Every structure is written in structure tokens, then in C-alpha cells.
Amino acid sequence: MKPLAIVIPWFGRDLKGGAETQAWQIASRLAQRSHEVEVLTTCCRSHNDDCGTNHLPAGVTREVEGFSIRRFPVRRRRRRAFCRVCEHLHGLPSGALKAGVSPLNAADAATFSHEFIKSTALLDYLRDNMGAYHAFIFMPYLYGPVLNGLPLVAAKAWLQPCLHDETCAYLPQVTAIFHQAKGILFNSDGEFELAVRLYGPAIIPKSVVVGEGVEVLERTAGETAARAVFPFGDDPFILCLGRKECGKNSHMLLEAFRAFRKSNPVSRLKLVFAGTGSIPMDGLYEQAFDLGTVPEQAKLALLDGCRALFQPSEKESFSRVMMEAWRRGRPVAAHRNCLATATAVRRCGGGWLAGDETEWRALFASVERASDGDLDATGAAGLTYARDVADWHKVMDRYESALFGAMNSRVHVVVEPKQALHQVLPSLAYGDAISNFVRWIRRTMQAQGIVSEIFVLHIDARVAAECRLFTPGCIDDSDAILYHHAIGSELTQHVIAHPGKKCLVYHNITPAEFYEQSHPLIAETCRQGRQELRLLAPHFQVAIGVSAYNVEELRETGFATASVLPLCIDPDQWAMPLDPHLADRLQAGQTNILFVGRAVPHKKLDDLIRLFRRYLDFDPNATLHLIGKTDPDDLYWRYLLHLAATLNIHDKINFAGSVTPAQLATYYRFAHLFWSMSEHEGFCVPLIEAMWYDVPVLAYKSSAIPETLGEAGMMFTTKEDEDHLAALAWLLVHDSDLRRKLIAVQRQRRTHFTASVVAPQLLALVNSMIGPTVSTSQAGTSPLVA
Amino acid sequence: MIETSNAQIDTTALLQQVRDVVRRQQTEPPGFLEAGSQVGSRVASGRKYNRIPSWLPGFLQPFFRNQGAINRQLLHAVEQQQLQLQSLWHAVKCQNVRMSELLAEVAAMEAQQRQLATRLLEKLETAGTARAVLAEAAVELHAHSLDAFYVAFENQFRGTRAEIKERQRVYLPYVVGRSVLDLGCGRGEWLELLREAGQTASGVDASGVMVAVCRELGLDVQQADAIVHLKSLPDASVGVVTGFHIVEHLPFDVQLELFVETRRVLQPGGLAVFESPNCQNIIVGACNFYSDPTHVRPLFPGTAKFLLERVGLVSVEILYLSPAQGSPFNLSSPDSAQLHNWFFGPRDFAVIGAKPAVAT
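Protein sequence lines correspond, in order, to chains W and E.
The opening residue of the first sequence carries number 1 in our numbering; numbering runs sequentially from there.
The opening residue of the second sequence carries number 1 in our numbering; numbering runs sequentially from there.
Hints in this document: simulated from the structure, not taken from any laboratory.
This structure is a prediction, so every number in the text was calculated from the model and none was measured.
Backbone N, C-alpha and C define an ideal beta-carbon position, used for all residues, glycine too.
Where hints are given, some of them may not hold.
[Stated by the list, open to error] Sample of chain W residues facing chain E (criterion: CB under 7 Å; computed from the structure):
{"#": "1", "residue": "663"}
{"#": "2", "residue": "723"}
{"#": "3", "residue": "730"}
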């Protein structure tokens, strides 16, 4: 087994930084588990020292814990340019940070990432020695070695970001490494949530929350002795551990306590601070105490004796003291707005959440009132969670399974190909659901080593590389065909004539009546398509529909053995930075209502526009974004524009039409609600795409929509009641409780359509078509292991 | 209308929430639902700048520490402003709600007030009418309350009609062959007497009740004030003017006027006869006179004669009438006689005067 590398800018036994101490622990414990670990770091001493000076000698050293450290020298940076950028970064006004929008221009961002700890020696070493290591862990998410080093070894790179919600997290270089890394290791669920918000759902499949261990000291007699000398005697108290400063909300907590004592003068509850820093306590003599820095034994005694630990800070990626309290079985109160701590509390129920001073004050009262039994029970929930998340053994187990095990979500069904399996369809377009599915099938099959091409009559230039023009005789008689039938075409007769194995994939044909009024020609084509379907029935041994709704239609038209193969919607298609200009515009404070879908009559965009007009009465600062392929000369499109003008809401509707993938990702990222009024869908891919971006989905119940939504559906059965519909949409945008419930279930539903779920079904189908000599088995090792 | 297979969402409760939102939107101004939540959400993101970023190299930190302190303070100030704005906004919202409630109350009160005003006016009108009616009634009542009183009084104190008639026979010889006008004819005894004697006579009395009584008896009586009636008569049109027990009811100037008018209306040679209580009888003058509360003061017989002569009547004589019965005094001795006169002397007197036959 090749050694594991940890790349970190500063490293040393006694370094006090969060990432550094964690790295030391990881290196030591992995070494304890007999892994070969080498830490690649610089000659810089600590982050308080000048990062252009080599304080420590270069070269390799071995530590007693069993791992080695390899140091590389740094070069002087361009001080003036770097300082200017730092100044600019620090001087940014609050509220200037928007997801997807870089706080620096491209040149400044590049300067920042290059000049901040510049070690070309380290980068060269990485480039030259990638093959010598099993994997690399880069931590934290910032600094030259990480930003520039990770892309060099991306295929083997794991990122441990120790992420905070701060300026540098919004730089495009950081976004890039999150997308390029093979995997990401998070300290807490909250940190993971933050990363998804900043960098998109593409990182979800490759993220692992390993947690961070918290050392547990055994109880000793010294604790009881320590307890005896506390100035507050046996009175019940709330504990607040950690550095006291404004940023950690210590002052706010004190004020809340002051207000609590004012309204409860007879209360015996005390507030005890312990840790560095100072805080003025005037007026609370004998009620609040600041013990300053305390020895370990005293700290443990405090933890054991407190009624609860309050952690009011909003700037945590992982709260060590919170875990320490839970390890001692005490309940914890965290700040509602701090993702890392709040998510943990919500996840295990080991405490409470509070936001502003009023809520903290109420929390003092309720903790005092609560019975000891209740507090112990709450603490016990936290204990279970902490034992799992913050236990070094469990944490290291997770590291091992991620770095060395089969953590991949990729399916590896090994198929022995006997024949080629080609796909045939009238046209391959760019961006629509069918075309995306077809291209995914091709990729999946080619990844398995199966010969598979796409043959079409009409090619869109953007996907020309992935398909070929169909000509009679282009497919061997012995090859198998996957024929995608969505509308009638001249291909049909060729497909019927093909003697080899054939499978019909039915994507549903829109009922002609939707097009009668506006597009009589298309209506005719649809009618033809449905008629042709009947003709096709006897010629196909296998038939699949992308939904049960489609399969039902297939069965009615004579395909007795039709089965379901759902479309595959995988989030790694969005491993790209957002469109910054669009991101900026969409975060101007308005409510963004989104619909993604072609502008065709059966998707009922006119109904949506009308209902949006009513919605504006509830929420005047809203914009409706209509994304989807359109033809500006199309009658229906012009009708929609006219309708918007008639209703006088033309400035509130963004008729975006066709957009780039980055723009689509951006629209999803900042949408508050996905609203569909469509009356006919074979599957409706955008519903699941919206779920990946945690956008609540509201849809008119029709055709395959209830099936796609499953248990995550929020549907309405009538379009008549405009008032109630608009109010429901308003609630879905503004009621955070409702949104949380909906999103929680949506997060489960979306996993039904990932490649890891759909690919086995596809490959099973492929197996059934290209011969019985094929065997399938799940791989035990990752094919990506070098 | 709502359908979901999400086990955590209660569709009934959700539908109720939807209805509440619709109701609120219809009663509150647009954008109202949204406004409050936007305030304060922006500034929260600025808290990132409260500390020096950890990645900043050590030597740069002092450089930024001051900046950091300023930023912190600024942010804190802005946050406080935001909080204040939020609470102000909340207060304004409450005030608006209260305002609309108050306006509604005011409108209701105004409507009520208008209603009350209308009713009040109606009532006032009714009251005014009622008061006028009452006032009239009161006046009438007042005017005639005395009439009835006096009738009852005379019946009790003056004596019966028969008695009076008897006493008044003494005047018959004086008025033979003359038309008589009786002022204050009262119960009409004298007029009856005259009718029985075949004399033409008429009377006036201010009391409607007295007039009614006389008319019952078929006497020619009018209801009028004596002097007003006299003034309505032409000169020298009446043969005899009589007035029994009227002058003591009149103040002095009115007595004079009475005598003046009497003289005017008398025909030449006509007679004026006025009878009145004789206050030379002390019992009458100091005691019984006051039994009638409408008496003003006794007219001294000598003064009466003097007055008649002053107004131009001639041959004025005084008749003394109605001596009291049962006197214990001996008339033979002058002292007793004096006592007798004082206590048992004539209780009434009459003064009779004549208009000169030719004008003088």
C-alpha cells in the first residue's frame, strides 16, 4: 500500500490552530492503525509568522507517533500586490458576499491564491510524485499549497476544508477545488450544509462527514476537589466555555442573562464563563462569574456540574466544547444561525436552539424550570450523537473507509459485451431530458466497455461529437438497438425492419389536443406518433417507459411486457461554478419563482403566468423565471409575451428561454419555489433537479407528476381556486417550517434517480438484450484505485 | 385541493394556513406580508467581519486590528439601527392596526351620534310642543283656579244668596226706572232682584265661573274687567252704575280710575252706588276684612265720599248697613255707645253719588 499524504501549509506538534491540531491527530491515529502517512508541508513556522520566511529547515523528519514530515521552502511573495488584495478583501462591506459571486476580480483572486504561501517546490513535488502516493488529503481549504496543489493531483485528492462562512470561501479558486477533488471530508453536518449552499449539489455524492474526535478524559478525584472551590457553591449554573469575544456572542449572552435576572430576581441560576478573554460583568455580582482559564480537571468538573452548556457563537465549523459537553451527558444550547452547531442540535435533539437575545433569555428560564430528568434525557441524546460523531475511533473508521475503502457511488457492474448496443432516435438536441438521458446511457455503457453509438437524423452542433448521422445500413444486423420513440419519424420503418434485438424506449407523445389550436402541424405529428406506436408493438421484444404512466400507455397500445426504467438525474452534472452576473442579479432580494421546461402549450405556461399575477398580490417583490428551449417566432411564445403585457407584469417575468448549464444551475440555486402547471408530463426531470438544489416543488397533479414526486410531492388538484393557490405558493416561499419539512423529504426522493440507482437497472436491461453469457457482479474495489 | 404524500405535512392544517394568508392579504396593504421579514436579514451576514481572518499573516494583523475595531463598532451601530427599525416597524404595524380599529370605532360613533342628534331633535320638538301645551294649560289653570276658589269662598264667608238679596233691597228705591250696570256682579243677586223688580239690568264680572252662574240664571252678564268694560262704553250711556264689594279689591289708582269712568258713563242725573266693608267697625276693619285674601285695604267711608266728590259727583251720601247682632253694649252711655259702635257698628257702608243733571 502506498503512503497517504496530508498536504497542509503549517504543521507541528505544538501548533495551536484548529486545522493543525486536527491534522496532527489524523496523522498520529492513522499511523497507529499501521498506515504509512507523510505530511507535506512548508518551512513556515506558524500562521502568526511571516509566510514568506523559512523558519524551519527543509527536508524529511520522522515523528515518534510514526509518521514523517516533509518540509518544502517557500518563496518570497509579491508583498505589495498581496497586501493590496488583502486590504481590499478586509475592507469589503458587510452583505457584499453573495453565493456564486467572487468578492475579488479575476486578477486579484489569482494574485491571492498564488501569493499566499508560495511554495513552488511543494507544487513541483506533487506534480512529479503523484504516482507514489495512494491518496492526498488537502487541508484546510485555503492557501497556495492547497489551491494550487489539489488540481495537480485531483484524481487522488481529498479535501478537508474546515470551512467557515467567510470571504475567502467565495473565491472561484475555492469553488474549483471543491469540484475537482475526488472526495471531500467534513467535520460536521453543518459544515457540509454550508459547502452545498456555496458550491452546489455536485459535491453531495462525494462528500463524507467524518466528524472530528474529541478526547475524553477519565473522571478523577481531582474533579470533586475542583468543584468544591467554585465561588457559586452548589447553586445551579449555566456554563459557557471558550474564548470570550464579541464575535462569539459572549456579550449578547450576558445581556440575555441580565434581562433574565431582572425579571426573575428570586432565581438561583448562575451563569459561569470559563476561558480566555474578558467580559465586563457590572451589575451581576454574585450572579455571573468569569473563572478565566481553568485547568482541565476544573473544566471537567464544570461540565459535569452545569445544568446546560450554552454555545451562542455563530462562527463555528465544529464546536469542540459542544461535543465535550455532550460527552459528559449535558445538554447544549446553540445559535440558530450557526449551521455547524444548529444542524448538530437538530440532528440529535441533544439541546435547544436560540437566535436573538429574547430567545436566549427565554432559554435561561426554561432550563431553570426543566426537571433534572428532562435535562439528563436531552443530554443523553447528545451523548449518543457525540459518541458517534466525535469519537476518535469512529472518526478514524470513517477516514479509513473513505480513503481506503469502496466509498464510491459509482456502480461497477461488470458486463461482458457480446454485441454492440446502439441508440436510435430522430434528433439529439442539447439540454432536453431525452437527449441528456440518451447521452448518459451512452457514457454508462462505454464506461462498461460496451460499444455504443447514437444515430440520429438531425444533429445539434453542440453535441455533434457524441452522435452520428443515421443512414440505412449504418447498423449491423447483429447489433442491438435502443429505439427512443417520442414522435413519429421516418426512422420508424427502418427500425421495424432491423432484424436484431430491439428495445423501445417510450418518452411519451403529447396528446394532440394540446396542439390543435396553435400548432396544427405538430398536432398531426403527435397523432401520427401515437398511431405508429400501435404499429410498432409487435416488433419489439422489450419495451420500457421512463415512468409507470408511460408504461401504462405502452401496455394499452399492445406492449404487454413493458417495464419502467426511470431517467437518471445525477448532481455531478453541476460540478461547475455558477454564473456570477446572474448570481448577483438573482440575489437582489426578490423572490425567485422558477419553471424549467420548453415553452409548449401542454406545459401551460399561460396558466402559470396568470397565477403568478395573482401571486404578486401577496408578494409584490417577486420574479417569475421561465427557462426552457424556445423559438422566438413560435406562436405560443408570442402569446405568452402578449399575455404578460396584457396583465401588466411584463417586467416581473424573466423570459429567459435557452440558457447555459451554468446559468441553469444558477437559476436553480437561487430559486425559492419551483412551480409547475403542466398538464402532461412523461416524467418531468426539472422536478428532481429542483430537489437537488433544495427548492420546494409545487405542481399541478397530472400525468406522471405524482409518480415522479413520490412522497415528496406538494400538488394541487384544481387550478380554479387562484386565491388559495397563490397563498399556498406564498407559504411555500415564506414559511420556514413548511419548507424544512418539504425539503427533508425531497432530499430522500432525489436519491431514487442517481446513477447508482438507475445504472444497475439499465445494465440489467442491457444484459437481457445482449445475451445470456453476460454476468453481473458488484465490484469490491474502486476502479479508480491506482 | 392540496394533495401530498409527505407524512409530515397535515393537509387540513395547511389548508387552514392558506385560508388565513388569503384573508390577511385581503385586509392588509400589498407587500405587507413580506416587508417585515426583509428588515434585518441583510445585516446578519456582515458579522463575518467581526474578527481578523485566521488566514491573515501574523505581521499584517496589527495593521488590520484598528480597522477591525472600527468595523466592529460600525457594524454594531448598524445592527442596533436595524433592531430599532425592526421594532419601529413593528410598532408602526401595530399602530396601523390600532388606527384602523379606531377609525372604525369613530365612524360607528359618528353614525350613532347622528342618530342620537336626530332623535334628540325630534324629542325637543315634541317637548316644545308639549311645553307650549303645558304652559297654556298652566295659564288657564292658574287663571281659573282662583275663580273656583272665590266662588267657594263667597259661599262660605259672604253669606248666602238669599241673605245678600235681602240686604240689597234697600237700594231698590234709588234705581227705580233706571237701567243698571252692575260691576263685579258676582253671583248675580242684585241683578236677580232688579229683574224681579222689573228693572233692566246688566252686569259684568271678570270671573268666568261667576258669569256662568249668572247666565245659568238667565241674567245678562258679560265676562269682562270692570274698568275695561266701562271704558268701552260711550259717555253718559248708563243710568246707574253699581258696584257691591268691589272697591276694596282695587288699589287706590284703580279706584280713582273706576270712579272717573263711572262718572263719565253716567247719564246726567245718573247714580253711582258702591258698597264696601265699613272699617269703622273694628272687628270688620282689623279682622274680618282679612278673611278675603283678595281684599287690598278697607276704603274709609269718609274717604269714599271725598273721592266721589272729587271726581265730580254730587249729593254724595253714605249709608251704613248691616249692623252686627248681639251687642252687649248699652247704647245710653256715650262710652258704651262708642264701644258698641266700634265692635258692633254697621259692618258695611255704601256711598251714593249722582251725576249733575246738567254738565258742569
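How the hints compare with the structure:
For residue 663 of chain W, the suggested interface contact is broken, since its CB lies about 24 Å from the closest CB of chain E, more than 7 Å. Using the Cβ-Cβ criterion of 7 Å, the hint placing residue 723 of chain W at the interface with chain E is satisfied: the shortest such distance is roughly 5 Å. For residue 730 of chain W, the suggested interface contact is upheld, since its CB lies about 6 Å from the closest CB of chain E, less than 7 Å.
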